[in-house]
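**Q** With the sequences and hints as input, model every part of the structure.
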Amino acid sequence: CLKIDSTKTVVYYELGKNYNQLKAYDSALKYLKIAANSQPDNEWILDELYDVYIKLDDVDSAIETVEQLIRYHPDYKEDLAGLYVRVERYTDALSLLDELDAKYGVNESRATMRNNIYTISGNDTERVSYLKEQIALNPSNEENYLKLIYRYSQSGDIERAFNTAKELLNKKPNSVLVHLALYKFYIERDEIEDAVSSMKIAIQSPEINADAKAKVLIDFVNFVSNNPEYEKDLIEITDSVDNNESPETLANLGQYYLKAGDKQKALRSFEEALKQNPNDFKLIKDILLLKLELQDINAVIIGAEDALALFPAQPLLYLIKGVAHNNLKQADEAIENLELGLEFLIENKDMEYDFYTQLSIAHQLNNNITQANTFSKKAKALKGQN
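Going by my numbering, the first residue of the sequence shown is number 566, and it counts up by one from there.
Just so you know, these hints were derived from the structure itself, not from any lab. A hint or two may mislead.
30 angstroms max Cα-Cα, derived DSBU-like pairs, lysine-lysine [what the hints assert, rightly or not]:
#1 Lys-824 x Lys-850
#2 Lys-942 x Lys-914
#3 Lys-620 x Lys-573
#4 Lys-914 x Lys-847
#5 Lys-620 x Lys-588
#6 Lys-948 x Lys-914
#7 Lys-847 x Lys-765
#8 Lys-668 x Lys-642
#9 Lys-749 x Lys-824
#10 Lys-765 x Lys-830
#11 Lys-598 x Lys-573
#12 Lys-914 x Lys-943
#13 Lys-737 x Lys-712
#14 Lys-737 x Lys-697
#15 Lys-780 x Lys-847
#16 Lys-588 x Lys-573
#17 Lys-620 x Lys-642
#18 Lys-588 x Lys-598
#19 Lys-697 x Lys-736
#20 Lys-620 x Lys-582
#21 Lys-595 x Lys-642
#22 Lys-765 x Lys-749
#23 Lys-780 x Lys-736
#24 Lys-824 x Lys-765
#25 Lys-894 x Lys-942
#26 Lys-780 x Lys-797
#27 Lys-840 x Lys-765
#28 Lys-840 x Lys-824
#29 Lys-749 x Lys-712
#30 Lys-894 x Lys-945
#31 Lys-668 x Lys-737
#32 Lys-830 x Lys-749
With beta-carbon atoms standing in for the labels, derived distance ranges [claimed, not checked]:
#33 Glu-691 x Lys-828: 49 to 59 angstroms
#34 Leu-587 x Asp-623: 11 to 21 angstroms
#35 Asp-689 x Ser-592: 38 to 48 angstroms
#36 Ala-589 x Lys-736: 54 to 64 angstroms
#37 Gly-687 x Phe-876: 42 to 52 angstroms
Just so we're clear, the structure is a prediction, and the values are computed from it rather than from any experiment. Glycine included, C-beta positions come from ideal geometry on N, C-alpha and C.
**A** Here you go:
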């Protein structure tokens, strides 16, 4: 076609489009530029040219092209805002976002872009002003309140953050998410009853995600450590946490019960957490050690065998299994596991001491006093080094 008539713009356009499809971008650019020079206002040519510039990462040329395109396709304005961000034209980008938000309302992608601009440019003052404007326009949208609370907190303006949280609670008394911020403010202000109330709401609400609940629970446990008179409130909350909570929440509960001396409840929490996260080595370890303490020896052996199928090179599992066999006076099984575990042990003097101690016990059970004394001496030598 080009040989027949080299004056036809459509021929250059089609050549450019096909080279673009073939990823021969330099050739595509060559023909599309010729087409664009012939018909500078042709939106189809501009659209194809813009696509090639983006693929070539030629941002300046892409901006120049899309600035022409938005006359025909206003939906490209969000693309243009993104390109402005790439060349650090933040004011121009924000101006476009304001225009789009005013016309179409706020959407997630533009809100994310706006937030990124404020973060990159360090313009926190304008970000706060924008959030205040959004709250004034839509006072029932708690997300803007929460963002403003977070911004104030990040900048160290705790008083304004606290007042914003209270304003949200006043506007939306049934808001649950606000309590994720409020309880911390209450603790800092020594308003203990309100802090406890907010923590209870956050932990018990189905609206709060599992990770956030886990953090609140950790804070509550730490709070009770310093304020033991509120332990009954913590017990009330932990008893209400069901087994469908996240493994993190259940594991934190287990640690609390362990610290409080309730080993059975700790074990139940760890086991429920393990059901959801069966490859969590720390949970497996905590469960096996607890069962050892509770003298559920057969369960320890079975659990250690199951764990070794997942973690065959973990020396601690062989040690735990060896201890369990020693408890059952099964010396040969204990020795077999302990010797195997030692082969996997690397530079852990404390665990090495435990292995030698248990091997000494196992050989004593077998009435092999010489070997028992040998391992006892090895253990004492290690203890002396520590």
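**Q** Going through the earlier hints one by one, which of them does the structure break, listed in rising order?
**A** Going through the list in order, the structure violates no hint and respects every one.
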